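Asks: Use the sequences and the hints to build the structure in full.
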Amino acid sequence: MLPIGHYLFLGLALFIIGVIGVVTRRNVIVILMSIELILNAVNINLVAFSRLYGDVAGQVFALFIIADAAAEAAVGLGIIIAFFRNRETVLEDEMDLLKW
Amino acid sequence: MTPTGYFLEHLWLIPLFPLVSAALMLLFGRRLPNAVVSVLCVGSVGLSFIFALGAVARLLSADPEYRVTQHILFAWLTPGQMQMSSGHLVRFTADWGYLLDPLSSVMVLVVTGVGFLIHIYSIGYMGHEGGYYRFFGYMNLFMFSMLTLVLANNMLLMFVGWEGVGLCSYLLIGFYFLKKSASDAGKKAFIVNRIGDAGFILGILLTAVTFGTIRFTSTGLANVAADSGIRQALEAAVGAHALAAGAPVLTTIALLLFVGACGKSAQIPLYVWLPDAMEGPTPVSALIHAATMVTAGVYMVARMNALYQLAPFALDVVAVVGAITAIFAASMALVQNDIKKVLAYSTISQLGYMFLALGVGAFAAGIFHLTTHAFFKALLFLGAGSVIHAMSGEQDIRKMGGLWRKIPTTARTFGIATLAIAGIFPFAGFFSKDEILGRAFDRFFALWVVGFITAALTAFYMFRLFFLTFIGHCRADEHVEKHIHESPHPMTVPLLILAGLSAIGGWIGWPAVLGGENRFERFLDPVLTGVIPETGAVSIAHHAVAKELGLMLASLAVVALGFWLAYEFYCSKRLAPELAARRFPWLYNLLFHKYYVDEIYDAAFVDRTKDLGTLLGRFDAKVIDGVGVDGTGWLARFTSKLSMWWDKWIIDGLLNFGAKLTQLLSFPIRFLQTGTFSSYALLILVGLAILLVYYQQHLHVVLRGAR
Chain H
530 MLPIGHYLFL GLALFIIGVI GVVTRRNVIV ILMSIELILN AVNINLVAFS
580 RLYGDVAGQV FALFIIADAA AEAAVGLGII IAFFRNRETV LEDEMDLLKW
Chain C
16 MTPTGYFLEH LWLIPLFPLV SAALMLLFGR RLPNAVVSVL CVGSVGLSFI
66 FALGAVARLL SADPEYRVTQ HILFAWLTPG QMQMSSGHLV RFTADWGYLL
116 DPLSSVMVLV VTGVGFLIHI YSIGYMGHEG GYYRFFGYMN LFMFSMLTLV
166 LANNMLLMFV GWEGVGLCSY LLIGFYFLKK SASDAGKKAF IVNRIGDAGF
216 ILGILLTAVT FGTIRFTSTG LANVAADSGI RQALEAAVGA HALAAGAPVL
266 TTIALLLFVG ACGKSAQIPL YVWLPDAMEG PTPVSALIHA ATMVTAGVYM
316 VARMNALYQL APFALDVVAV VGAITAIFAA SMALVQNDIK KVLAYSTISQ
366 LGYMFLALGV GAFAAGIFHL TTHAFFKALL FLGAGSVIHA MSGEQDIRKM
416 GGLWRKIPTT ARTFGIATLA IAGIFPFAGF FSKDEILGRA FDRFFALWVV
466 GFITAALTAF YMFRLFFLTF IGHCRADEHV EKHIHESPHP MTVPLLILAG
516 LSAIGGWIGW PAVLGGENRF ERFLDPVLTG VIPETGAVSI AHHAVAKELG
566 LMLASLAVVA LGFWLAYEFY CSKRLAPELA ARRFPWLYNL LFHKYYVDEI
616 YDAAFVDRTK DLGTLLGRFD AKVIDGVGVD GTGWLARFTS KLSMWWDKWI
666 IDGLLNFGAK LTQLLSFPIR FLQTGTFSSY ALLILVGLAI LLVYYQQHLH
716 VVLRGAR
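If you're matching them up, the sequences are chains H and C in order.
Numbering of the first sequence is given in the numbering used here, commencing with residue 530 and proceeding in unit increments.
Numbering of the second sequence is given in the numbering used here, commencing with residue 16 and proceeding in unit increments.
Heads up, none of these hints are tricks.
Cut-off 25 Å, straight-line C-alpha distance, at most; resulting in silico cross-link-like pairs (SDA-like, lysine to any residue): (1) K588/C with R427/C; (2) K675/C with L626/H; (3) K588/C with W419/C; (4) K663/C with T647/C; (5) K625/C with Y611/C; (6) K675/C with D625/H.
What the hints contain is simulated information worked out from the structure, not anything from laboratory work.
Since this is a predicted model, take the numbers as computed values, not measurements.
Replies: Dropping the structure here:
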């Protein structure tokens with residue numbers, strides 16, 4: 530069995546890739562995808578610790594997060610489509626109407 | 016004993032029949048076939064005629080003094096308190112009620128009888144015209160209004176009928192409304208009649224405040240004492256010496272009513288609409304503008320005879336206006352070339368005769384002439400319609416001639432009518448005209464002279480018309496001439512019946528001097544007796560037999576003179592009309608242009624009205640629009656500017672101040688809010704990093720535990 534550090538490293542790598550994607554990319558769809566990466570990094574951590582402690586709660590929680598991610602993707606894409614219809618763009622730096 | 020019976024009880028059905036069919040025509044007529052329209056409309060008038068005959072027959076069966084029946088259907092204006100000019104309070108009411116007495120009997124028979132014949136004639140005459148149902152709808156509406164007018168038991172209901180016939184006259188004159196001249200003529204008739212109507216309604220109001228009632232009479236009513244009539248009020252006032260003959264208020268009422276009569280019956284100065292009214296279809300001219308509606312004024316004055324007999328000055332005015340109208344209109348008829356225009360001026364002239372009769376106190380003679388005139392003038396118009404029909408619409412008598420053999424029925428009946436109107440013994444016109452002239456002679460010589468000359472003029476223009484139309488050679492175009500044909504039966508049968516009436520209709524008033532007993536006058540007498548006998552100018556004058564015969568011979572002689580002149584001018588051609596016209600050019604021009612009355616009226620009233628309109632228009636543009644509208648606009652703009660300044664600097668200023676303050680207070684922090692998503696994400700990351708550093712011991716514990 531691989532030591533826990535490997536899993537955590539994978540999770541950390543995914544998390545950092547996700548964060549960098551969220552912070553640096555302009556396309557909102559890509560940002561959404563990056564958020565999925567972050568969520569999956571968390572899932573890996575949860576599943577890893579669940580296995581380490583023999584506690585199934587972590588895996589259940591991961592399932593919740595997967596469901597949540599699906600919901601979030603649906604809502605997020607819906608918002609993006611509605612937004613695109615109005616502004617004809619999906620670039621986040623052009624979404625600045627609330628700024629004064 | 017007061018007469019009763021089915022027909023008298025159901026007097027209200029007489030005007031109702033035409034009203035029902037008129038309503039049907041005007042609501043659903045478009046969808047009905049012509050045959051149904053004919054049966055309904057002519058049938059309804061026929062029914063009215065039958066009911067009228069029945070009612071009058073019942074009335075005749077009673078003794079002369081009881082020949083009155085009055086039925087109030089309902090109180091139309093609900094009774095209310097009214098203060099009379101004398102200061103008394105009275106219960107004033109106007110009913111929807113019908114009165115049948117000898118006077119309205121004559122009228123109702125003339126209206127329904129002649130109206131029925133003209134309706135039959137219209138089936139033939141209007142058969143090929145568009146708007147057949149519309150024509151008959153209006154005609155029936157007219158019949159309803161006219162019957163309401165003659166059967167009304169009070170002045171206000173009479174006025175309803177009076178206005179109703181005016182409306183129908185307008186609608187029917189403008190029947191060919193696409194023709195500008197026709198719609199103009201309709202408007203002219205309507206507007207000129209309004210002037211008269213204004214006088215009439217003022218007369219009604221003055222009657223109401225003077226007598227406290229507008230009912231003609233209370234005879235025949237259940238409660239004679241409570242429901243007073245004008246006649247009874249007059250009797251009471253004269254009996255109490257409150258009013259005497261010639262009292263100013265009576266004269267004023269009489270003159271105001273006469274203004275109304277002038278408008279409706281086309282007397283000077285309001286006659287100008289009648290010649291133009293000839294734009295309507297010919298049956299309309301016959302029914303409305305010859306036989307019935309235009310005689311409404313005569314009927315109204317006769318109806319108010321009790322009042323007129325107490326206003327001698329008003330009577331003199333009536334006589335003089337009538338005489339002048341008679342001779343003026345007759346002189347204008349001399350030179351007209353349109354067959355219907357000649358008849359129109361002739362109608363005005365004959366109406367003048369009727370007013371002359373009324374004015375000299377010969378009310379019965381006036382109504383008698385009204386009746387005979389209805390026969391022969393309706394016949395003349397229907398004959399003219401038949402001629403126009405034969406001539407394919409041509410109305411100019413210079414393009415006719417020689418029709419005697421081509422349309423024999425029309426020509427012969429027209430001939431009888433011409434003899435009747437000219438006043439040749441023993442045709443209808445002779446008796447009535449002679450009666451009028453005799454009474455005028457008794458009253459005032461000059462009036463007789465005018466009537467006498469008019470008789471000659473009448474004979475001249477009528478025979479001129481007759482000769483030019485029927486005798487000589489045909490002057491029409493070839494294709495028109497080829498097309499000349501006698502009219503169909505629905506048109507010729509009424510002509511024949513009316514010809515019979517024109518021939519013998521005058522015999523009902525066969526004068527005493529010729530061995531008769533003048534039944535017509537005796538029949539009307541109960542209604543036409545004055546309130547006080549000595550002012551009663553109608554009390555039959557018994558002048559010497561020799562004088563009366565002399566007058567008859569004189570009028571026959573003058574008619575013969577008119578006939579002879581017309582014969583020489585237009586039949587034997589021994590005298591040339593052109594020569595006479597050239598000899599007296601100014602006179603010819605004056606007559607031909609109808610004394611320039613239309614032009615004078617245009618200059619005096621129409622153009623002045625237009626000037627007033629222009630002036631008012633300018634007032635509108637300058638004062639109303641300039642000062643009023645533009646000024647208001649300027650004021651509104653000024654106040655809105657003020658209000659805008661207030662809004663901008665005070666209301667908005669406060670808000671802006673708040674906003675500026677917020678902006679000021681938020682100065683450094685504001686820049687964190689970039690609006691860019693990634694920068695927020697970065698901030699979150701930084702926050703997370705700070706938290707992680709801050710809780711690093713705990714993190715350490717977690718990580719260690721994990722290991």
